[in-house]
Amino acid sequence: MSEQHALITLEGLTKVFYTDEVETHALSGIHLRIEKGEYVAISGPSGCGKSTLLSILGLLDSPTAGTYILNSNPVQSLDLSQRARIRNREIGFIFQSFNLIGDLTVFENVELPLTYRGMAASERKARCGEALEKVGMAHRAKHLPSQLSGGQQQRVAVARALVGKPSVLLADEPTGNLDSKNGEAVMDLLHELHRGGATIVMVTHDPRFARHADRTIHMFDGRVVDESEIASLSA
Amino acid sequence: MDSLLTDVRQALRALRRAPGFALTAIAAIGLGLGANTAVFTAVHAFLLRALPFPEPERLVFVYQANPARGIERDVTSIPNFEDWRRESHSFTAMAGVDTRRMALAGGREPEPQALTVATVSANYFDLLGVAPALGRGFSAGEDAGEYPETIVISDALWRSRFGGDPGVVGRSVRLDERPATVVGVGPPGFAWPDGVEAWVPLTASPQDREQRGALFLPVIARIKPGVTLEASQADMRRVGAELARRYPRPNEGWTADVQPAHGELVRDYRAALLVLMGAVALILLIACANVANLLLVRAAARARELSTRSALGASRLRLVRQLLTESLVLALAGGALGFGLGFGGIEALRALSPVPLPAWVELRPDASVLAFCAALTVLTTLGFGLFPALFASRAPLASGARIAGDPARRAQRGFVVAQVGLAFALLACAGLLLRSFERLSATSPGFEATGAVAARMRLPDTRYTRERRIQYADEALARLRALPGVEAAAAVQTVPLPASTTTPGYAWRTSPSPPPTSARSPASTRSRRATSRRWAFRCCGAAASTSATAATIAWWP
Ligand SMILES: Nc1ncnc2c1ncn2[C@@H]1O[C@H](COP(=O)(O)OP(=O)(O)O)[C@@H](O)[C@H]1O
Ligand SMILES: [Mg+2]
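So the protein sequences, as listed, match chains P and G. Each residue of the first sequence is one higher than the one before, starting from 999 at the first, in the numbering used here. Each residue of the second sequence is one higher than the one before, starting from 1223 at the first, in the numbering used here.
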């Protein structure tokens, strides 16, 4: 994890939304480096641009200006299908509202990124089993999402995010829709994944959860306002 | 392949979870495809499938034409026909084919039977390339006499009147009171010209063979291999001009023309079929707009799912493919339903047809109809599925749940407008059709048709001399006039507005100067039925060419 090989480098990143004559400056000149294996929390008040930043990190959206280098690869100029490919291989998403697909079983949900990768069925099966094992949901593989509790659904979503062995896990308020007990459990799971070597960028406005992270990035009105290193302590 | 199966499986599951949507969509597509399948089956049977004879593209009709008088197609006379046959170079064979009513006695039934008989040149069967199923066709010279002495019966007549007797060949029967021998039985289903029940040689009296101006004979021919239609037309124009020069008396101004047989036979159906095809295409478009609208509503509801899939690495192409797979599953179910409905629709078309369909038209869905249905199903999939798929998959992520905003609603409104527009177009077409039909029905035939009943009869000249026929007519008229409800009755040689010029006048000949046509009675159907107790009543589709209450009555002593 040397300095020269930062996983993510953002320089002068700006995002402006144009809607019906209204310009919203969601992000204004963000500079950021995230190293491989880091666990970064992003916090700040609602509407300050956290989700927008995460969307750009996840190649769901593109910046209005600035550069984004992922794995030494400038990605802001890629075309749509190249971006889809990078989302599929390099990025794992965990959403606030789980976003499991209701028509698909737990197993099929987890399998989806591998299906889009064109992986052979036998390998998919092995990998999904492994990922579900990791989040403790292997016994629910044949269930539909609607048959699971919120906490269980988010664990499945985590399994789906990590099954493709991405370079980075992006989580947008992963505990926002969970009670504190289930929230804690998901946080512990992420912490464990981090200790296993995963790079994690998590949006949260709950300082209790931010303490798991190596460092917290504070945002206000589309800017990074303060960056304080927090010593990595075992919880 | 593997992922395609996955798509299909997921599509099936998604549709099962939305049965209301799926069934509505399948019903709409099924109706649209069903109507198209049925009408295409008819288009295919009439316009696209060749006539059921060997090398059918070489079969032609040969006409007399008189450009100066605006006559493009007319029948000819025996002398002209014989000169055509002798002096043209473009044909392997040429045959006269007339139809007439004849009385057949013999076989199982004691009663004589009125038959529609084709009187044909002896080479007729060879020209068509049709071999009788039993016995033979006609031999050269059999058409040289004055009266037919041989007869080939149709398969249907063989079964109905002769009980399918395999020993029928060689049997003696009586044709219009003269002896004749059954020499052959036509192959099953063969009835050409349409509706004939038997064939006899084209015989004629010596006087008729001299009557160059007596135009009554339709002529078919087979073009030689390697000779183009244009060359044969030029050939016949040459022969026609030569005959006009040689026999100016009747032939002045007349020439001869050649037209492909199939095109001529379907001429009257083409426009109607194409209008129908257009109408059902509109119906399918309306169905597509409907289903597209439903899909858009569904896409809005699925915005989050599509965003998630995209976040997990599905490219736009992949999303479009998944959505189109769903549409294809819907369309295939609709297509299967449509093919089934098409089957039923064909029967409905048959039942709705005001005249019996020609026997050479085989209204059955075959491989090409199935192929058409399949191709249309795929097109339909794109028709209703492509826009919603492109719409739903366009950058589903950037704005996340905000996707279902105004653009979707605007697109839906567009589809509704399209549906309403198409429905109006369809209604307008239907209205125009009805209106022209109404005009046609309201057009006066030139005489007061209400209450008029026409009867045709044939008195064999073997038994009825000219004097006896006149006597017969006078007596028949007297008895008719005496019937209650009959206002007036008259005899005429040719019934007004016959079905076509090629339908022979088998109306009876009578008084030297025919009285004005006024076979009129205010009789309702009821009293006509009463009349029919003494007169065998036969409604003949071919004769019902006017909207008047025309009926053909066949009466046998
Ligand atoms: N797709 C969009 N179109 C227009 N404005 C947007 C869009 N996404 C976010 N915004 C605006 O950008 C700002 C930042 O939003 P967001 O990143 O969601 O904030 P946070 O996640 O920190 O609450 C807000 O003012 C929001 O209204
Ligand atoms: Mg947010």
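Calculated from the structure, these hints are not laboratory results. Glycine is no exception: its CB is placed at the ideal position from the N, C-alpha and C atoms. Just to be clear, a hint being listed does not mean it is correct.
Unchecked claim - Footprint (simulated), chain G over chain P, 3 or more residues, beta carbon under 8 Å:
| id | segment |
| --- | --- |
| 1 | 1111-1117 |
| 2 | 1191-1204 |
To be verified - Cβ-to-Cβ under 7 Å is the rule here; a few derived chain P residues that face chain G:
| id | residue |
| --- | --- |
| 3 | Gln1074 |
| 4 | Ser1075 |
| 5 | Leu1076 |
| 6 | Ile1099 |
| 7 | Asp1101 |
Against the structure, the hints:
1. 1111-1117: Answer holds; 5 residues pass the 8 Å Cβ test.
2. 1191-1204: Our answer is that it is violated, as 0 residues pass the Cβ test (under 8 Å) against chain G, missing three.
3. Gln1074: The hint is violated - P:Gln1074 has no Cβ within 7 Å of chain G, the shortest such distance being about 14 Å.
4. Ser1075: Since chain G brings no Cβ nearer than about 17 Å to P:Ser1075, farther than 7 Å, the hint is violated.
5. Leu1076: 12 Å, violated
6. Ile1099: With a closest approach of 5 Å, the P:Ile1099 hint holds.
7. Asp1101: Hint on P:Asp1101: holds, closest Cβ of chain G at ~5 Å, below 7 Å.
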